[in-house]
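There are 2 protein chains.
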Amino acid sequence: MSTGTELTNHQFRLAARPSGLPKPTDWEYRAQPVAGPADGEFLVEISHLSLDPAMRGWMNAGKSYIPPVEIGEVMRAGAIGRVIESRNPRFAVGDHVSGTFGVQEYAVSDGREVRKVDPDVAPLATYLGALGMPGMTAYFGLLDIGRPKAGQTVVVSGAAGAVGSVTGQIAKIHGCRVVGIAGGAEKCRLLTDELGFDAAIDYKAEDVKAALREHAPDGVDVYFDNVGGDILDTVLTRLARGARIVICGAISQYNNTEPVRGPANYMSLLVHRASMTGMVVFDYADRFRAASAEMAGWLADGRLKVREHVVEAGLEAFPDTLLSLFSGDNVGKLVLKIRD
Amino acid sequence: MSTGTELTNHQFRLAARPSGLPKPTDWEYRAQPVAGPADGEFLVEISHLSLDPAMRGWMNAGKSYIPPVEIGEVMRAGAIGRVIESRNPRFAVGDHVSGTFGVQEYAVSDGREVRKVDPDVAPLATYLGALGMPGMTAYFGLLDIGRPKAGQTVVVSGAAGAVGSVTGQIAKIHGCRVVGIAGGAEKCRLLTDELGFDAAIDYKAEDVKAALREHAPDGVDVYFDNVGGDILDTVLTRLARGARIVICGAISQYNNTEPVRGPANYMSLLVHRASMTGMVVFDYADRFRAASAEMAGWLADGRLKVREHVVEAGLEAFPDTLLSLFSGDNVGKLVLKIRD
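Protein chains in written order, with this note's numbering: chain S, 1 to 340; chain R, 341 to 680.
Read the hints as simulated data drawn from the structure, not as lab findings.
There's no promise every hint is true.
Claimed, not checked - Below, in silico cross-link-like pairs of lysine to aspartate or glutamate (DMTMM-like), each with a Cα-Cα straight-line distance of 25 Å or less: (1) R:K403 - S:E258; (2) S:K63 - R:E598; (3) R:K403 - S:E214; (4) R:K403 - S:D230; (5) S:K337 - S:E312; (6) R:K544 - R:D570; (7) S:K209 - R:E546; (8) S:K149 - R:D623; (9) S:K63 - R:E554; (10) R:K456 - R:D573; (11) R:K489 - S:D144; (12) R:K549 - S:E258; (13) S:K305 - S:D202; (14) S:K337 - S:D110; (15) S:K63 - R:D570; (16) S:K63 - R:D623; (17) R:K403 - S:D207; (18) S:K337 - S:E85.
All of these numbers come straight from a predicted model, not from anything done at the bench.
Just need the whole structure built from these sequences, with the hints factored in.
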């Protein structure tokens, strides 16, 4: 049996399915008392919320790789918190934990799909970024689906984002030539000057096709696509023979109110004997531990640099902060820190 | 040195790049004297011309998997003929040969990429179909790219065509459940009643999505796509997890005067962890001999049935006969037989 607590839990629940960008009225902000943990459970005080483009897809009805968030449910989100009460022998008060705790201040968990994280190894926010789902997405999408060989050219879109910035650096570690596509001169400078990309293309200012001709003169061997739309279509025209396209996301299409535009140049797959393959990070869960350990090693020796954009604000800031993912303003992993 | 002959060679040369369906004015019909073979060459009297959807693509300018036919060149075509004069020790007068001899009555060859064919093993037209490029396309596209396992569901579009009809039968031989998509009741009857498909969907009369739900209730494991367009988009909504889409052609798009429409549902690749891969049959040339031998065995034991649509007419019939590929009237491998 669970018991009551003196705590109040603020939450964002899904109030309506958005058309286009989520509006304030698509959310319900609710306060309710925190129930204590039942036997086998523990109570988490959430400190960091992961804000990801994929969340937009979870708000839509219909079949996808994961069930949608239902109307009235707490919005799904990865989060980091601290155990403050426990009736589960595997989790002790004071443990830092990572899990899909939702957009709220407190969560009760039975420990399934929750992992302990160590703030001495990396800052807590990093467990939502390079050592969390974005990092795992980059690692398995690039290495398992993209299968780059040393010396090959890897192009990454959304390259200044949480996934793209890590993808490009892993490709560098594997000896590839890496070209990032991002929006704006500042993001492009970050890629080349701080993260070690060989070249960056500012899609807002440059002709992407011409820039690919310059920076990937032998064609693109691996394209890691986070954005879809025009950029996917353009990269399709510059494939090397046998190219692998990793379909990781399509942020350009997530807030469409019109139907998604398919890649008109898809027959380039035939011309270049290329493939386009979708990936979902959860499929690799049984290898997360090993991948995280390898990534932590790269972090420690400085070969992998992380960029986190930590917004420190109350939970109320969630709706507006989420929107910054889609405006192009965000660089690196976006985290909403609601408590120290 | 080559010598003159008394023969006249009629040819179709490309006069203009078509917009949409090829028009009569896109062709030049020319008569010219036949030059005899030089040392190392032989002269072929062409009897059968292969008419294939891919020819439409070869008429377009621009980079593709094969150089375009240039304006003024004899139109490229696979063909079967008989050696009538030879100065090449590997080819004797009377040999039947298959090669890319072009849309003409006579061709001189040095023997490169020419193979001898045996009319006692199979009718000559079959060497342009099941034992020719369409058969090789079906074999390698399905088995190497599609990689179906026994018990899985294979869907083939353009299923009554030269490639599709063979693809479905190879999938059956490999123990799969096979669903063909074709236009018209007659083609659909052919698939189920004569070629052993488990089900056929008449895309002109049926709701393809609903029919897929019925005939592929567990989803589509392998989709062999010859058509592109709406049908590709619809199959994308019915994929099984880990599905493989083989991009072999896109006949619905070849005569577009508007830009190709990309598959709007391509993000289904992510939802279903699926892949879409292009294939070009020429890449498998070093395995054609073994594949042909296996296919000939299936022909001999009746497990593979071929449908050839042999139009017996003069070379002048070429332009109109080619168009029948795009009107949906053709069933099986289209061959223009210009001589006994």
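Structure-based check of each hint:
1. R:K403 - S:E258: Not satisfied, since the Cα-Cα distance of roughly 32 Å exceeds 25 Å.
2. S:K63 - R:E598: 32 Å, violated
3. R:K403 - S:E214: Given pair R:K403, S:E214 holds - Cα atoms ~18 Å apart, limit 25 Å.
4. R:K403 - S:D230: Between R:K403 and S:D230 the Cα gap is close to 20 Å, so the pair holds against 25 Å.
5. S:K337 - S:E312: 5 Å, holds
6. R:K544 - R:D570: 12 Å, holds
7. S:K209 - R:E546: The given pair, whose Cα atoms are some 41 Å apart, is violated under the 25 Å limit.
8. S:K149 - R:D623: 21 Å, holds
9. S:K63 - R:E554: 18 Å, holds
10. R:K456 - R:D573: 41 Å, violated
11. R:K489 - S:D144: 22 Å, holds
12. R:K549 - S:E258: Status holds; Cα separation ~21 Å.
13. S:K305 - S:D202: Holds, at about 21 Å.
14. S:K337 - S:D110: Distance ~23 Å between S:K337 and S:D110 Cα, so the pair holds.
15. S:K63 - R:D570: Holds, at roughly 20 Å.
16. S:K63 - R:D623: With a Cα-Cα distance of about 37 Å, the restraint between S:K63 and R:D623 is violated, given a limit of 25 Å.
17. R:K403 - S:D207: OK: R:K403 and S:D207 at ~20 Å, within 25 Å.
18. S:K337 - S:E85: Since the Cα atoms of S:K337 and S:E85 sit roughly 21 Å apart, the hinted pair holds (cutoff 25 Å).
In this structure, the earlier hints numbered 1, 2, 7, 10, 16 are contradicted, and the remaining ones agree with it.
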